[in-house]
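*Asks:* We have chain B already, so just place chain W on it with the hints.
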Amino acid sequence: MTALDEWHVSDHELERYANHAIPTFARASVEAHLLACDRCRSTLTQAYASPVRRVGVDETWARIADRIDVTRRPLRSSTTALQVSTSSPLLLLATLSVAFGVIVSVAIASAVAPRASLPLFVVLAPLAPVLGAVLAFQTEIDPAGQLARATPLASGRLPFLRAMLSCSAALVAVALSSFFVPVGLGDVAVWLLPGLALTSLVVAISTWIDPSRVALVLIGGWALAVSAWSWGSRPQGIPLDLADFGAEQRSVQIALIAVTVCSAAVAFVRRNELPVWRSR
Amino acid sequence: MNADAVIELRSLSKRYGSTPAVDDLDWSGGRGVIGLLGPNGAGKSTLLRMLATVLGQDSGSIRVFGLDPAVADERLAIRRRLGYLPQEAGLYRNFTAYDLVDYVAVLKEITDRPVRRDEVRRVLDDVGLTDEMHRRIRTLSGGMQRRVALAASLLGHPDLLVLDEPAAGLDPDQRLRMRTVLSEVGQRATVLLSTHQTDEVAAFCQRVLVLDRGRLLFDGTPRDLAHRATDRVWVSDAPDAGALRSWVTGDGNIRNIGAPPSGATLVEPTLDDGYLLVATEDGVRS
Chain B
1 MTALDEWHVS
11 DHELERYANH
21 AIPTFARASV
31 EAHLLACDRC
41 RSTLTQAYAS
51 PVRRVGVDET
61 WARIADRIDV
71 TRRPLRSSTT
81 ALQVSTSSPL
91 LLLATLSVAF
101 GVIVSVAIAS
111 AVAPRASLPL
121 FVVLAPLAPV
131 LGAVLAFQTE
141 IDPAGQLARA
151 TPLASGRLPF
161 LRAMLSCSAA
171 LVAVALSSFF
181 VPVGLGDVAV
191 WLLPGLALTS
201 LVVAISTWID
211 PSRVALVLIG
221 GWALAVSAWS
231 WGSRPQGIPL
241 DLADFGAEQR
251 SVQIALIAVT
261 VCSAAVAFVR
271 RNELPVWRSR
Chain W
1 MNADAVIELR
11 SLSKRYGSTP
21 AVDDLDWSGG
31 RGVIGLLGPN
41 GAGKSTLLRM
51 LATVLGQDSG
61 SIRVFGLDPA
71 VADERLAIRR
81 RLGYLPQEAG
91 LYRNFTAYDL
101 VDYVAVLKEI
111 TDRPVRRDEV
121 RRVLDDVGLT
131 DEMHRRIRTL
141 SGGMQRRVAL
151 AASLLGHPDL
161 LVLDEPAAGL
171 DPDQRLRMRT
181 VLSEVGQRAT
191 VLLSTHQTDE
201 VAAFCQRVLV
211 LDRGRLLFDG
221 TPRDLAHRAT
231 DRVWVSDAPD
241 AGALRSWVTG
251 DGNIRNIGAP
261 PSGATLVEPT
271 LDDGYLLVAT
281 EDGVRS
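Those protein sequence lines, which keep their order, are chains B and W. Just so it is clear: in the first sequence, position 73 is 73 by the working numbering, and no numbers are missing. Just so it is clear: in the second sequence, position 24 is 24 by the working numbering, and no numbers are missing.
Next up, chain B with everything else stripped away, as it sits in the complex (with noise of 0.2 Å):
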């Protein structure tokens, strides 16, 4: 330890470090010297104390300051909205549920029942986007609790953010979970659309009534129309087709994406009004 505890940063050195002028892996050097030697700080504070050099110094130390403190919360380092919005561990928690739920009730239905692998998918696929956005809109999941519900950002645009990120992870597992059922990759593209404009519906429908009730309603009569088809419209032994829904035709595509677009924009006008978020 000695030799070390005799080493300091050399004057040319900490004109340099205090002028941002070496290279990062140097400036880390630097920086871990500084933290556990007193002299090298005095030196540095006195030998580039002028105003303007100061401001580097000062800078220098804000970066330490912000390196040292904990960093517990995910992304912590990313830009702000990407931040906060996934700051709730547990929304984080809820996604990854929906995400998994919907990949491995698929995969074991392949496996255990193949037939209805299909109608599960057709089922989920729309579906699981809309529980994402919808659990991203309970005031529960905000870390910050109650307190959260009079900031500006929380009870406005960050559960529309949340929302977002929640859906997407929704698409994301029902695509991966077309692995496990008989459909191309373009059929796959298709059903991720009804999903996206379910979920864009929700949203917009959020800025009136909880969304929760529409989230019911919808899960509910989706899951009966689906029921009602795989079982009783077709006859016994004749495969499911996707085509069925009328999914692949162009006309329903266009449709489907209208809705998408004009919920999106009812939702960013309206995106500080949320009753969820204030009682009655």
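Please note that a few of the clues may not be correct.
[What the hints assert, rightly or not] With beta-carbon atoms standing in for the labels, derived distance ranges:
(1) V115/W to D38/B: 55 to 65 Å
(2) F100/B to G128/W: 50 to 60 Å
(3) S28/W to V252/B: 55 to 65 Å
(4) R135/W to R115/B: 50 to 60 Å
(5) L90/B to D58/W: 29 to 39 Å
(6) R135/W to A32/B: 19 to 29 Å
(7) T221/W to L90/B: 37 to 47 Å
(8) D58/W to L216/B: 45 to 55 Å
(9) D24/W to W229/B: 51 to 61 Å
(10) V104/B to R93/W: 26 to 36 Å
(11) E31/B to E184/W: 43 to 53 Å
(12) P23/B to R135/W: 45 to 55 Å
Since the hints were made in silico from the structure, they are not lab data. Idealized CB from N, CA, C, for every residue including glycine.
*Replies:* Here is chain W on its own, set in the frame of chain B:
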């Protein structure tokens, strides 16, 4: 409208089922520290939640900084100048105190990182948590957790600070510290806080409101509230049947409030006496 008023309430009402929580309230207030006194269920939290823009009213109007919290854009404008400490904050317990307050700072749109770091450290220092700032919230005591939430409400130098029982769970030392901080804030902003403790109000509130069953029973200075009981407080050896309220004091005497009998030993009223008199007289009337 009064130009200095930060808060203006007109015929404000809020009911839960058939129970009125806030009943036809008219009030306006400006800068300074204002204490809200009242028994449990008096409507204090309901009133504070309405002022903090998180609860809508049934009827009447609320204006904060002249803005209407029922209108989305105006609500956003209010929230940008507001600090709110709810009764139960419900913080996520696996964050560190620093991370939690830093997160709330982002929610309050303090996005510049160096500015935010300084601000987070300032408020944590204000509540005396500098040494504990990197501990996870679940490892902090109840009083410390309360101070984390209080620190978060102080972020960004709000013009209106709405605090629901900020002193709950704090030890005397921390209370003293909190009073100092809030008194400083009260020099330039409006601080509205609810409490059960009259000594809290006497110590640093410039104005006191007494609320019971959603109605405003008193609005004035703490001294005025104590003076309400002038010539209405006396001590005796046995409970006085004619008194509105009688209780045993620490020295074994009976302290009475109400209409004293002739020859009674009158004593100097305290804020407690004033508060009890106002609350009890109202109870007798209704």
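*Asks:* Find the hints from earlier in the document that the structure breaks and name them by number, from lowest to highest.
*Replies:* When the structure is compared with the hints, numbers 1, 2, 8, 11, 12 turn out to be violated.
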